[in-house]
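K.L.:
With the hints as your guide, set chain P onto chain E.
Protein chains: 2
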Amino acid sequence: MSADELKAKIRDVPDWPEKGVIFRDIMPLLADHEALNETIDHIAAWAKPKKPDIVVGGEARGFFIGSAVAYSLGCGFVPARRPGKLPLATIGAEYALEYGTNALELQADAFEGGSRVLIHDDVLATGGTSKAMAGLVEQLGGDVVGMAFIIELDFLNGREQISDYDVFSLIHY
Amino acid sequence: MSADELKAKIRDVPDWPEKGVIFRDIMPLLADHEALNETIDHIAAWAKPKKPDIVVGGEARGFFIGSAVAYSLGCGFVPARRPGKLPLATIGAEYALEYGTNALELQADAFEGGSRVLIHDDVLATGGTSKAMAGLVEQLGGDVVGMAFIIELDFLNGREQISDYDVFSLIHY
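Heads up: the protein sequence lines correspond to chains E and P, in order.
When we follow numbering that gives the first Met the number 0, the leftmost residue of the first sequence carries the number 0, and every step to the right adds one.
When we follow numbering that gives the first Met the number 0, the leftmost residue of the second sequence carries the number 0, and every step to the right adds one.
Treat the hints as calculated values from the structure; they're not laboratory data.
Please note: incorrect hints may appear among the correct ones.
One copy or any two copies: either way a pair holds, since identical chains are not told apart in the list.
Below, simulated DSS-like cross-link-like pairs (lysine-lysine); rule was C-alpha separation at most 30 Å, straight line [claimed, not checked]:
id, residue 1, residue 2
1, Lys84, Lys6
2, Lys18, Lys47
3, Lys50, Lys130
4, Lys49, Lys18
Pulled out of the complex, with its shape left as it was, chain E reads as follows (with noise of 0.2 Å):
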């Protein structure tokens, strides 16, 4: 399947979830077997070449196919939680979203220093998500060998907050 064939299985929904917003619903993407399967190769096809040790995934929706980019490349799965949701010593970043603000942890200990670390979400939108787990993985030693989303809302510019790194998305809206 290709990124356009696959692009075919996202839906639409207009202002959602704020007016003025449209939302791609990626649901029908991940419910079909072959879009999911396709979906993941594609990403983690990019991503081999890198040889990421750890996928860090942000709540929730880097959680959608996190672990499976992590399963197909023998890496693995780390994810970037709410405040609040991981125990024991943690690192926390706040960051301002397309509509609204946010804020994500890591456990102290989440992965070695050295680590090869691969960011995942399944919207590049502002780039503010990624760039504040990208600082948290650094600040705790890794190396981010790149970054891999579903979906990027070129309009918004994202890529110049993380023009650091290497980056890719396999659809484009």
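P.N.:
Frame of chain E; chain P shown alone:
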């Protein structure tokens, strides 16, 4: 890796998230590429003969490996989400937890009627979450062919609540 070796990757956190609860922290298991791989393979091997079409995972911890199990089985993945997180028409259920209450929703067109569905969550505790997910799946005309967990807290007798279903847990406490 045997179930005992995988269990050794899980960390006990006493008095979290509430006093008197021992939280079983699976983060070190997920972050270890070999342990993650084996956990997914064990669950997929159990589920495969049941020929599921869809894996349903519960927010948020049931997303950690839900799509990886789906990928391994060649299934689609459907996230059961917290209220207000899914666009378009949904159905919902409330249920009691080991600590507190909660609610989950599925999109009304999440899968086709007659689909064979594997329910997945990280932990089988009281069984309330899984029973609620199964009820939602059945409301949409799905056939629950099994329920698979990473961890089962045997002393909470969750299996009694879901005795109508075929249940697998990789690691027991």
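K.L.:
Now look at each hint and say whether the structure bears it out.
P.N.:
Each hint tested on the structure:
no.: 1; hint: Lys84 to Lys6; result: between (33 Å within a copy, 21 Å between copies)
no.: 2; hint: Lys18 to Lys47; result: neither (39 Å within a copy, 43 Å between copies)
no.: 3; hint: Lys50 to Lys130; result: within (20 Å within a copy, 40 Å between copies)
no.: 4; hint: Lys49 to Lys18; result: neither (39 Å within a copy, 43 Å between copies)
In terms of the numbered hints stated before, the structure departs from hints 2 and 4, listed from lowest to highest.
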